[in-house]
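Trainee: Heads up: the protein sequence lines correspond to chains A and B, in order. Going by numbering that gives the first Met the number 0, the first sequence opens with residue 0, and the numbers climb by one from there. Going by numbering that gives the first Met the number 0, the second sequence opens with residue 0, and the numbers climb by one from there.
Among the hints, a few may not be true.
Said to hold, decoys possible - Every beta carbon over 12 Å from chain B, so not counted as near; a handful from chain A, in silico:
#1 I15
#2 Y21
#3 L28
#4 T34
#5 L35
#6 L59
#7 L66
#8 V76
#9 L81
#10 V91
Unchecked claim - Computed from the model, here is a short list of chain B residues facing chain A with C-beta under 8 Å:
#11 P57
#12 Q250
#13 Q252
#14 S509
#15 N550
#16 W552
#17 D575
#18 R577
#19 D582
#20 W590
Said to hold, decoys possible - Derived CB-CB ranges, DEER-like:
#21 B:K112 - A:Y32: 46 to 56 Å
#22 B:N92 - A:L43: 52 to 62 Å
#23 B:P361 - A:A88: 52 to 62 Å
#24 B:T358 - A:Y32: 49 to 59 Å
#25 B:P395 - A:Y32: 40 to 50 Å
#26 B:E79 - A:L42: 35 to 45 Å
#27 B:K61 - A:L59: 20 to 30 Å
#28 B:T454 - A:Y32: 45 to 55 Å
FYI, nobody ran anything at the bench for these hints, they're computed from the structure. Idealized CB from N, CA, C, for every residue including glycine.
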Amino acid sequence: MKGAWLIVAGGLIGAIVAAYYYFIPGAGLDGEYGTLLVLISSLLMLLAGLVLRGRATGFLVSLFVVLILLDIIGTGVCAYFLETPVILAAMVLALIGWLMRVIGHAADNSVEVA
Amino acid sequence: MKPRFALLALGAASIAGALVLSSGGIAQMAASTDNQVWDAFGGNQQAQKYSTGTQITPDNVKNLKEAWSIHTGDVAHGREETTWGATPLFVNNTVYVGTPKYKIFAVEPDTGKTKWVYDAGKDAKLDNQGFKNRGVAYWAAPDPQAGQPCQKIVYIGTVVGTLHAVDADTGKLCKDFGNGGVLNVNQWNTVNNKWKYGLIQPPAVYKDTLILGWAGLDWVYKVEDPGTVFGIDARTGKLKWTFDPIPKDMQNQTGTSNVWAGISVDPETGLVYLPVSSPSPNYYGGDRIKEMPYVTSTTALNAETGEVVWSRQLIHHDIWDLDINSAPTLLDIKKDGQTIPALVQATKQGFLFVLNRKTGEPIFPIEERPYPASDVPGEKASPTQPYVPLPEPTVPNKAPGISTLADITSFGECSRWKARLRDEGRFTPPSIRGSIAFPATVGGVEWGGGAVDPTTNTYVVNSDDVVQVYTLVPRAEADKFMKGKQRYPGGYSAQEGSPYAFRLQNFLNSWGMPCWKPPYGTLSSYDMNTGKLLWKKPFGEVQWNGFYLPNSWGSVTIGAPVITKGGLVFIGASMDSRVRAVDLKTGDVLWKWHVDAPAVAQPAVYTYKGKQYVVFAVGGNGILTPRLSDQLVAFALP
Numbered sequence: 000m001k002g003a004w005l006i007v008a009g010g011l012i013g014a015i016v017a018a019y020y021y022f023i024p025g026a027g028l029d030g031e032y033g034t035l036l037v038l039i040s041s042l043l044m045l046l047a048g049l050v051l052r053g054r055a056t057g058f059l060v061s062l063f064v065v066l067i068l069l070d071i072i073g074t075g076v077c078a079y080f081l082e083t084p085v086i087l088a089a090m091v092l093a094l095i096g097w098l099m100r101v102i103g104h105a106a107d108n109s110v111e112v113a
Numbered sequence: 000m001k002p003r004f005a006l007l008a009l010g011a012a013s014i015a016g017a018l019v020l021s022s023g024g025i026a027q028m029a030a031s032t033d034n035q036v037w038d039a040f041g042g043n044q045q046a047q048k049y050s051t052g053t054q055i056t057p058d059n060v061k062n063l064k065e066a067w068s069i070h071t072g073d074v075a076h077g078r079e080e081t082t083w084g085a086t087p088l089f090v091n092n093t094v095y096v097g098t099p100k101y102k103i104f105a106v107e108p109d110t111g112k113t114k115w116v117y118d119a120g121k122d123a124k125l126d127n128q129g130f131k132n133r134g135v136a137y138w139a140a141p142d143p144q145a146g147q148p149c150q151k152i153v154y155i156g157t158v159v160g161t162l163h164a165v166d167a168d169t170g171k172l173c174k175d176f177g178n179g180g181v182l183n184v185n186q187w188n189t190v191n192n193k194w195k196y197g198l199i200q201p202p203a204v205y206k207d208t209l210i211l212g213w214a215g216l217d218w219v220y221k222v223e224d225p226g227t228v229f230g231i232d233a234r235t236g237k238l239k240w241t242f243d244p245i246p247k248d249m250q251n252q253t254g255t256s257n258v259w260a261g262i263s264v265d266p267e268t269g270l271v272y273l274p275v276s277s278p279s280p281n282y283y284g285g286d287r288i289k290e291m292p293y294v295t296s297t298t299a300l301n302a303e304t305g306e307v308v309w310s311r312q313l314i315h316h317d318i319w320d321l322d323i324n325s326a327p328t329l330l331d332i333k334k335d336g337q338t339i340p341a342l343v344q345a346t347k348q349g350f351l352f353v354l355n356r357k358t359g360e361p362i363f364p365i366e367e368r369p370y371p372a373s374d375v376p377g378e379k380a381s382p383t384q385p386y387v388p389l390p391e392p393t394v395p396n397k398a399p400g401i402s403t404l405a406d407i408t409s410f411g412e413c414s415r416w417k418a419r420l421r422d423e424g425r426f427t428p429p430s431i432r433g434s435i436a437f438p439a440t441v442g443g444v445e446w447g448g449g450a451v452d453p454t455t456n457t458y459v460v461n462s463d464d465v466v467q468v469y470t471l472v473p474r475a476e477a478d479k480f481m482k483g484k485q486r487y488p489g490g491y492s493a494q495e496g497s498p499y500a501f502r503l504q505n506f507l508n509s510w511g512m513p514c515w516k517p518p519y520g521t522l523s524s525y526d527m528n529t530g531k532l533l534w535k536k537p538f539g540e541v542q543w544n545g546f547y548l549p550n551s552w553g554s555v556t557i558g559a560p561v562i563t564k565g566g567l568v569f570i571g572a573s574m575d576s577r578v579r580a581v582d583l584k585t586g587d588v589l590w591k592w593h594v595d596a597p598a599v600a601q602p603a604v605y606t607y608k609g610k611q612y613v614v615f616a617v618g619g620n621g622i623l624t625p626r627l628s629d630q631l632v633a634f635a636l637p
């Protein structure tokens, strides 16, 4: 659960910072497709993180877990090349959340099995 | 307008502050109380781009902040796209800058507050040049009459061939100049006048004479306006003399060879130095084989009479549009125990011609090297061209190899294209099948030229590594699709009247990636006493859809560096909308700052009331990126 919230937080921070850069001139990123891409991918991460809050399982949830990881990696790479350290840090936060979510979920399953 | 810092307190407090900020003790304190001007496009009439300011140093430049920023309102995209490469002036306790729609802004140097605005653009409509400006010129009467207007004048040219003179204190027109303050330079445009003179570059000033060139429209006609340079009375606008690079008997065969870039002046000798561009049609010379010694040259004139003192042709029979495109930088070289009055002429080829500025003789040897012949019917390329081995050219002799990344991602498109082209290194003639052009028409060194520290003769210059493809299209074939148009999508230009139209392509794959290996731009430093290269580094960053590509790739640059006595190089110029301070000794970037667009002009550096400012006109250039702006921004230490 906590892991999902960290993913949400990472997505939210990424989206807010990307929106700032996209709409406010001065950082050389306003109106750029790359910034827009990060804004959209961060929003998707936020939404996907909300979906993962519960304890639901199944194929769709597993798919979301994989897609979120790809989203985090992709957005992080974009943030690196956009030279936006705050977004990069947000993706690190989201990655920690993802790991917590995956490890925590695996631990829960192992407890249930035991 | 966002003034961010208050004025430094005057009196004892400012002296104490100067002592703290400077590292040179009493001598620095004395310097800090004097205003240091930047009264010409090139910093001074010698085009040295050098400031004696010492307040900002490699140690404290990291603290540099935005002092003020204004927006002039003169920015446009699309059909009326603006191109703003102005260098502001600081003189008469005022910062003056011209805008791409031909306004003069006079602003306070410490706050950016506007003192007055003059609009010369009311009669300037969209013409052959689009909306472009590279600044204003300043003249002061040596014997000012108290209480009389126009003892100090600021000049701005327009794209429709008018030169406006306004009082530097009030912004009011100087009624004694031209017709009520506006000189119609275009009245002298009488031979083959295909267009109005584009007075984009501000005139040079020597005593009471303005020396004025103009910009035209490249690649469209075989016979174009001959590149007349004008000597004009600074007070009245009266024509004093003219200089024609093209012989009279060739003016029905060719044109241009105009002086569209900056002009430098030696105030001691009264010589002016012209960078003379190439003749039309730019890429086919079969109809202008006859020797024309002043074209594509550096030519020295007597500023009072316009008589040629010496001229040195730097490209023979130019068929690559390798205009001599920047004001020569004047300096005194120390060599073999002698002090030699010299100039450095940087070129699109990346050559640095170092010449005795009194005689035109080379200080470092110039070799005549053999180059390939043309295979185009009717063309006769020069069998030799001047080559400068020392100082080392800013670009290599052969085009960089194919970029693996660009080639793989385009499934071999780059390699296949290159295999079809003629590529024999420098001066490969344009051909019907297509020729690799490197360095190409964008340079090499662009119109800003280099900067020099005249106390050490350290010379710094930015340069591009860009590969383009030149293709000549037989007239009959071109007429089928161009149907009389001057330009046609795909990079076609008519060269109307010649047997060939011309096609210019950047050597990019279908994704828009450069097919050649980086770097795409460099910054280099030379010791001009010895010609030795001190350092050379990729400069700037390419920004693609917001993403910054690796530092080691560098960036194509437009604009130029300036040097300060404090040991720094300030430069914008790169594609990534950043301005930078570079350590003069090492070439390391010590400070960078985002601005609204690429700052495609050299900055100005001045000291006012003990505080040193670096000010950039941030205009952008559609050649680099679509990001344009109207920002004028100054930086200073807190």
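Trainee: Next step is simple, just say for each hint if it's right about the structure.
Mentor: Hint check results:
no. : hint                       : result
1   : I15                        : 17 Å, holds
2   : Y21                        : 9 Å, violated
3   : L28                        : 5 Å, violated
4   : T34                        : 5 Å, violated
5   : L35                        : 8 Å, violated
6   : L59                        : 32 Å, holds
7   : L66                        : 22 Å, holds
8   : V76                        : 10 Å, violated
9   : L81                        : 6 Å, violated
10  : V91                        : 19 Å, holds
11  : P57                        : 23 Å, violated
12  : Q250                       : 47 Å, violated
13  : Q252                       : 48 Å, violated
14  : S509                       : 18 Å, violated
15  : N550                       : 11 Å, violated
16  : W552                       : 12 Å, violated
17  : D575                       : 6 Å, holds
18  : R577                       : 7 Å, holds
19  : D582                       : 21 Å, violated
20  : W590                       : 15 Å, violated
21  : B:K112 - A:Y32: 46 to 56 Å : 37 Å, violated
22  : B:N92 - A:L43: 52 to 62 Å  : 56 Å, holds
23  : B:P361 - A:A88: 52 to 62 Å : 57 Å, holds
24  : B:T358 - A:Y32: 49 to 59 Å : 55 Å, holds
25  : B:P395 - A:Y32: 40 to 50 Å : 33 Å, violated
26  : B:E79 - A:L42: 35 to 45 Å  : 36 Å, holds
27  : B:K61 - A:L59: 20 to 30 Å  : 51 Å, violated
28  : B:T454 - A:Y32: 45 to 55 Å : 47 Å, holds
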